[in-house]
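Okay, here's what each chain looks like letter by letter:
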Amino acid sequence: MNKKKYILFLIIPMFFLIIKLNFFKNLYFIFLDSFEERISKVYGFCENEGIGYLNFVKRNFEINKKIRLINSLKRNNNNSGNWATLNTKFNEKDEVGFLVIINNNKVNYLIDDGYEVIHNYKDCYLLKIK
Amino acid sequence: MIEILQIIIFFLIFNSLLLFPLNIFNQDLHRKHFNILEVSVLNLGINLNILLLISLINYPFSRIWILIGIGYFSVLFYNYIRKKFLKKILKKKILLIPLFIYFFIFLILSLDISNQLFLGWDAKYFYYIKALFFFDDKTLYNLKEFSPSQWHPHFGSYLWGFFWSISFLEIEYFGRLSYLFIFCFSIYYVSKLNENYVSHLFIFLILLILFYQYKYFSGLQEIILFSFLIIISKTLDKLSLSGNYLFLIIILLFNNLMLWTKSEGLVYLFIILSLILLIKKISFKYKLGTILTLILLLILKLSIYDLAELNNNNTQNMFYNFNYLLSLNFEILFYKFVNILIWLLYYIASNVFFISFIFIIIFDYFFSKKNVDYLEYEKILTIYLISVFLFIFSAYLFREMEIIQSIRTTMDRLVMSASGFLIYPSLRIIKKTYNL
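Line order of the protein sequences matches chains H and D.
Going by numbering that gives the first Met the number 0, the first sequence opens with residue 0, and the numbers climb by one from there.
Going by numbering that gives the first Met the number 0, the second sequence opens with residue 0, and the numbers climb by one from there.
Only chain H is shown next, with the shape it has when bound in the complex (with noise of 0.2 Å):
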């Protein structure tokens, strides 16, 4: 066999990897989006999960006690998004003080005078515990 020919024989299963794996779809939203943004995307923003809310009130707030996520989907045992709550500083025994809601036009959750409202952003809040 020639060089080409055992180039070839390299370049087709390469070819079939890459438009499997959508490559060049994948490298372009690398450069266009930033993590944050592909992981609202997986998890949702203000919607489904909400991680991306909730990573974007750790970031721009200070956050010194534990946080509670509610959000508005039909609870199955993978969609709480507790996971993305913890804080390494806190025990689990710690109180929450903290509230993150997302979609609150669905889950009703009544935000009464023990909480101040700290953000919000369309009907999604990070709200403090009095």
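No lab work stands behind these hints: they were computed from the structure.
Each residue gets a CB set at the ideal place from its N, CA and C atoms; glycine is no exception.
In silico DSS-like cross-links for lysine-lysine, where the CA-CA straight-line distance does not exceed 25 Å:
1) H:K88 with D:K137
2) H:K64 with D:K143
3) D:K237 with D:K284
4) H:K64 with D:K137
5) D:K214 with H:K24
6) H:K19 with D:K214
7) H:K73 with D:K214
8) D:K279 with D:K430
9) D:K137 with H:K65
Distance ranges between label pairs, derived from CB positions:
10) D:V197 with H:K57: 45 to 55 Å
11) D:H29 with H:L7: 24 to 34 Å
12) D:A348 with H:K105: 40 to 50 Å
13) H:E91 with D:Y364: 53 to 63 Å
14) D:I1 with H:L85: 22 to 32 Å
15) D:N57 with H:D32: 34 to 44 Å
Since the structure of chain H is already known, use the hints to place chain D on it.
This is chain D only, laid out in the frame that chain H set:
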């Protein structure tokens, strides 16, 4: 752009784990029928075990990384730059072409991981959180603060947290690229059937196309076991053919890593031990040494986890306990057995490597000639398969949990990790049949 740069840097960091402490061009090792790839495997095993040892120290990585970095570069410098090996590598085009293709494949797969990003269930509730502890500069001895830590060993999460923390972007998925690297390298290692690098790369690409799915890299640990089993499978064959004890060291190193990666690692430890005992070219003295080493490693693990208050006796008792065993009757066992059998057949049929292996072995049984070496390897394979099936059946028969839910949430991953061992025998039979 900066993420691409970080991926390239990580590719270089991961590959440097293959280059030291032993020089891959060491002629003494080559004379012992130990080629470049096999020295790299030994280096990887040593380095991962060093990382494991660091993970056991109650001292955050950030305080010792300068020391480790200096040591690491000194060894690299001594091994390659001082002895002008770098020039030799650059001169050898035959090494550069596979390296470039290998890098390009790593980049394609890394980009897939960087875009899909979702985490598997176990990853969200166990491994990610433990990795976060290591990322936040905590140690194994802090893991008790997170009660579900007791469920699983820590090494996979440590790798995740360690590489996450050394990425200058501090993005979570860079930690998981270490799993991708171990996977790619194990596939690359097993793909080499002869000295022709085109056929080597072709098999490497085909295996990746057949197997790669993002879900295996969603933070789950089975892919690490799968990769280690690929390495062990090929090394066992090398050991049974040559009797070279360096291969035994490789097997022990990766066996130890499995023990600290997943609870099933303990089962594989005993399976691999029984396979080693079958090999005729290993003397009784070395077999005894292997048994003692593995027992010592097991005691070490139990002691350290006891010290770190991570002993999982209570959590395991939830699913496996004596009272439940006493309550089992024939009717329940039969019902469970039938379900396990049906689902096991289904998952085997869905696993590309398992099903291919079965077809290949049937073909081989009827149509090919066998020599003595081959018969010994066939015995190793038979014992492996029987042990794995026994393990799967007993794990579900004696587990106190609704059987269908139990099977549907875990069996596919058990079959997947076990299938890693079968890739090499399949390729070996193909090589023998077609004289590759």
